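A.B. asks: Protein chains in written order, with my numbering: chain A, 34 to 485; chain B, 34 to 485.
Read the hints as simulated data drawn from the structure, not as lab findings.
Every value quoted in this text rests on a predicted model; they were computed, and no experiment measured them.
Any given hint could turn out to be false.
Since the list gives no way to pick out one identical chain from another, each pair is judged satisfied if it fits inside one copy or across any two copies.
Computed list of lysine to aspartate or glutamate pairs in DMTMM-like fashion (alpha-carbon distance at most 25 Å, straight line) [said to hold, decoys possible]: (1) K464 to E209; (2) K39 to E99; (3) K464 to D199; (4) K39 to D284; (5) K39 to D106; (6) K158 to E123.
Protein chains: 2
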Amino acid sequence: MSDRVKFLLDEARLPTHWYNIAADLPEPLPPVLHPGTKQPIGPDDLAPLFPMSLILQEVSTEREIEIPEPVRDVYRQWRPSPLYRARRLEQALGTPARIYYKYEGVSPSGSHKPNTAVPQAFYNKEAGVRKIATETGAGQWGSSLAFAGSVFGLEVQVFMVRVSYDQKPYRRAFMETFGARCVSSPSLETSFGRQVLAATPDSNGSLGIAISEAVEVAAGSDETKYALGSVLNHVLLHQTVCGREALAQFDLADDYPDVVIACTGGGSNFAGLAFPFIGENLRHGRGTRIVAVEPVACPTLTRGRYAYDFGDTGHMTPLVKMHTLGSTFMPPGFHAGGLRYHGMAPLVSHVRALGLIDAVAHPQLACFEAGILFARHEGIVPAPEANHAVREAIDEAIRCREEGVSRAILFNLSGHGYFDMQAYTDYFAGKLTDQSYDEQELATALAGLPAV
Amino acid sequence: MSDRVKFLLDEARLPTHWYNIAADLPEPLPPVLHPGTKQPIGPDDLAPLFPMSLILQEVSTEREIEIPEPVRDVYRQWRPSPLYRARRLEQALGTPARIYYKYEGVSPSGSHKPNTAVPQAFYNKEAGVRKIATETGAGQWGSSLAFAGSVFGLEVQVFMVRVSYDQKPYRRAFMETFGARCVSSPSLETSFGRQVLAATPDSNGSLGIAISEAVEVAAGSDETKYALGSVLNHVLLHQTVCGREALAQFDLADDYPDVVIACTGGGSNFAGLAFPFIGENLRHGRGTRIVAVEPVACPTLTRGRYAYDFGDTGHMTPLVKMHTLGSTFMPPGFHAGGLRYHGMAPLVSHVRALGLIDAVAHPQLACFEAGILFARHEGIVPAPEANHAVREAIDEAIRCREEGVSRAILFNLSGHGYFDMQAYTDYFAGKLTDQSYDEQELATALAGLPAV
Numbered sequence: 034m035s036d037r038v039k040f041l042l043d044e045a046r047l048p049t050h051w052y053n054i055a056a057d058l059p060e061p062l063p064p065v066l067h068p069g070t071k072q073p074i075g076p077d078d079l080a081p082l083f084p085m086s087l088i089l090q091e092v093s094t095e096r097e098i099e100i101p102e103p104v105r106d107v108y109r110q111w112r113p114s115p116l117y118r119a120r121r122l123e124q125a126l127g128t129p130a131r132i133y134y135k136y137e138g139v140s141p142s143g144s145h146k147p148n149t150a151v152p153q154a155f156y157n158k159e160a161g162v163r164k165i166a167t168e169t170g171a172g173q174w175g176s177s178l179a180f181a182g183s184v185f186g187l188e189v190q191v192f193m194v195r196v197s198y199d200q201k202p203y204r205r206a207f208m209e210t211f212g213a214r215c216v217s218s219p220s221l222e223t224s225f226g227r228q229v230l231a232a233t234p235d236s237n238g239s240l241g242i243a244i245s246e247a248v249e250v251a252a253g254s255d256e257t258k259y260a261l262g263s264v265l266n267h268v269l270l271h272q273t274v275c276g277r278e279a280l281a282q283f284d285l286a287d288d289y290p291d292v293v294i295a296c297t298g299g300g301s302n303f304a305g306l307a308f309p310f311i312g313e314n315l316r317h318g319r320g321t322r323i324v325a326v327e328p329v330a331c332p333t334l335t336r337g338r339y340a341y342d343f344g345d346t347g348h349m350t351p352l353v354k355m356h357t358l359g360s361t362f363m364p365p366g367f368h369a370g371g372l373r374y375h376g377m378a379p380l381v382s383h384v385r386a387l388g389l390i391d392a393v394a395h396p397q398l399a400c401f402e403a404g405i406l407f408a409r410h411e412g413i414v415p416a417p418e419a420n421h422a423v424r425e426a427i428d429e430a431i432r433c434r435e436e437g438v439s440r441a442i443l444f445n446l447s448g449h450g451y452f453d454m455q456a457y458t459d460y461f462a463g464k465l466t467d468q469s470y471d472e473q474e475l476a477t478a479l480a481g482l483p484a485v
Numbered sequence: 034m035s036d037r038v039k040f041l042l043d044e045a046r047l048p049t050h051w052y053n054i055a056a057d058l059p060e061p062l063p064p065v066l067h068p069g070t071k072q073p074i075g076p077d078d079l080a081p082l083f084p085m086s087l088i089l090q091e092v093s094t095e096r097e098i099e100i101p102e103p104v105r106d107v108y109r110q111w112r113p114s115p116l117y118r119a120r121r122l123e124q125a126l127g128t129p130a131r132i133y134y135k136y137e138g139v140s141p142s143g144s145h146k147p148n149t150a151v152p153q154a155f156y157n158k159e160a161g162v163r164k165i166a167t168e169t170g171a172g173q174w175g176s177s178l179a180f181a182g183s184v185f186g187l188e189v190q191v192f193m194v195r196v197s198y199d200q201k202p203y204r205r206a207f208m209e210t211f212g213a214r215c216v217s218s219p220s221l222e223t224s225f226g227r228q229v230l231a232a233t234p235d236s237n238g239s240l241g242i243a244i245s246e247a248v249e250v251a252a253g254s255d256e257t258k259y260a261l262g263s264v265l266n267h268v269l270l271h272q273t274v275c276g277r278e279a280l281a282q283f284d285l286a287d288d289y290p291d292v293v294i295a296c297t298g299g300g301s302n303f304a305g306l307a308f309p310f311i312g313e314n315l316r317h318g319r320g321t322r323i324v325a326v327e328p329v330a331c332p333t334l335t336r337g338r339y340a341y342d343f344g345d346t347g348h349m350t351p352l353v354k355m356h357t358l359g360s361t362f363m364p365p366g367f368h369a370g371g372l373r374y375h376g377m378a379p380l381v382s383h384v385r386a387l388g389l390i391d392a393v394a395h396p397q398l399a400c401f402e403a404g405i406l407f408a409r410h411e412g413i414v415p416a417p418e419a420n421h422a423v424r425e426a427i428d429e430a431i432r433c434r435e436e437g438v439s440r441a442i443l444f445n446l447s448g449h450g451y452f453d454m455q456a457y458t459d460y461f462a463g464k465l466t467d468q469s470y471d472e473q474e475l476a477t478a479l480a481g482l483p484a485v
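All chains, full assembly: derive it from the sequences and hints.
C.D. replies: Below you can see the structure in the form of structure tokens.
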């Protein structure tokens, strides 16, 4: 086992292919359905929203999908991202565990999101698209697409969930620095946004609403396409560059993870790190435990139903089978904006249903507490989303101490918290609480799931 | 010449020694004087403020000073920092120049400052110190010392220049995340702060005032020492880890810089990158042009006088010979808080006086414009301080285009701008101007220089 604290891969070892878990699944993913006919949809149905190259990735079952050279060129700026051994944290916890974290905060927007923003912008540009509309929760996805758009010369419009828009004005300025236009959602710029505002003028917004707005803008113009920062198969595919690097870095470390931990909102950060390790479990009989971590206030995998549902609140998307809290479910305005989504990526839901992963939920305050402990020892202030993974990794390390066993723990530090200092300020001022959703509202949202 | 975009050094090649330019200077540095006697001071005079190990580094003329292993252990988390080739920016500028930047934003506080915060905390801890008092301008130094204090178990109190304290509340939360206490300066906690507030209740503060406050706190307690984030010889020494890495990285790149550019406030960021290259010029006959960049609104090297002056506004420090605008000079509240200092590091002033470096000044708006151009192509939003180096590097690349020559340009991207989005927001809103100082005030400040 290496005694280093940082495992860097040479630029020459940047992965050449993404890993497509669809090739290794014991059962295929349930089909995506047309909301009207309830029949499986085909590639052409998605053509108004996405370029065909991305649609083909969405349905591909090839294990290895080549990363285009212009994408690798941009990746090279921050990839391969570092894998760290958290030695000072281990010492502080007095744990025999070996704690590793893959750090995605070194990217242009400070999170894992550019891993898919860059190829999405590339494929859109290649298809002659002029503008991309999208939504953003915490702002990390919008920033990433803004960056990718600026690299490939695409106009970018971002619908930002209102609670984040208000909490994170600097994320907005960041997107504008890259030349994107950022709009608070629900907005007056779409008919769906106007409809929501008419009914709920003080709506906090949600990813589901913002998705509806961006889809509406894209569907209304031939030159405009839509881009999603998570959930879809091709988005998760692009993120696997992260887990592939981690596998190579564990070779450098002369170690292998017993447990892999990542937070889940839409599922792409989780899939990016975990899917290549699930692939190793499936193909090479490895026994790594894979743990998805979500907020107690938006517990899609741990309290949701595995059922067909809409991806958005406005019911403009096809129906996908996923763990869902119901598309009308409105999570409270807690500080991990990237985890406030009613659904879960179909692929993540599927591997959960197949028993290939575990899922746990942690409350907000315990996550901030873990993030601050991590920061004081490792010198990186995590994004509130990433704090969920930090919490679970610390809990696992404490279990190792209690059991007297040394397990190798790998977690995804999916982003830094430099744009989230208001959340930390609120935490220190005692203003944060363990917000909860309304049980009655959840029951109503689940009762409203479409009949399939 | 390598066709790569990123030059990473293996962890094993982390420098083992800092480079002390004092060993290679054609003339020794003028002595530091006692403000009362005007006689050279000795190590003992500094003992109330600093541990002896740092004082000995301050006066050392050994070329190589070993980096203690516990310091290298902490450095390893983010060092060696990457050297980038800015290929997309080159393309956008249509320049034949090869533009390289050393990126210090990967550090725990997002700037070069931890390079000295970590050893300073280490030496203080080793000397049995319990608490460190310091000042901070833009907040990067305070954040860095907060981090270093948390690693070595030291209490940290930070006097933050009021204009930055108000502009950057999140920097404060960041310091608190690392467990430090942050106070707006001028404050009511020191007699000098109370004196300034009595005379100027709405004082913007300045580094000079904040230094006086921190020195007062340190001088008043046996268990408390003072730490400075720039200016002093030992601080500049610690920063040379940056330039030493860059030298090794240019070997990897199979190239060598014709021009080295860095911004200067107190001088440590500049010295960290430039001094090892000046050493190569002096010892190996290299002809690299070295350029210090400062703001037009605080033009210490380009408009100041090379004379003995106090380092602080309260006249508690010894007298040092440096380029100075006068210790009573109050720069306008522009957004590069880290460059708002009336003086300049004696070593930087000395190499300037010896003709070993050039100096230029750029106005604020042109610097932001350059930073945004850089961000849109390179994906990193620079700190406003770093924008000064970006501006000069772009100007040099344009000169290369006009002259039809391909020079290799290296600049120090000393920090990211994630905590400076208010400045970018103001820039986009058209609220930033090219603020200037008052010529009369400068004349008065210079007239008030102490007679030596």
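A.B. asks: Against the earlier hints, flag every one the structure doesn't satisfy and list their numbers going up.
C.D. replies: The structure breaks none of the hints.
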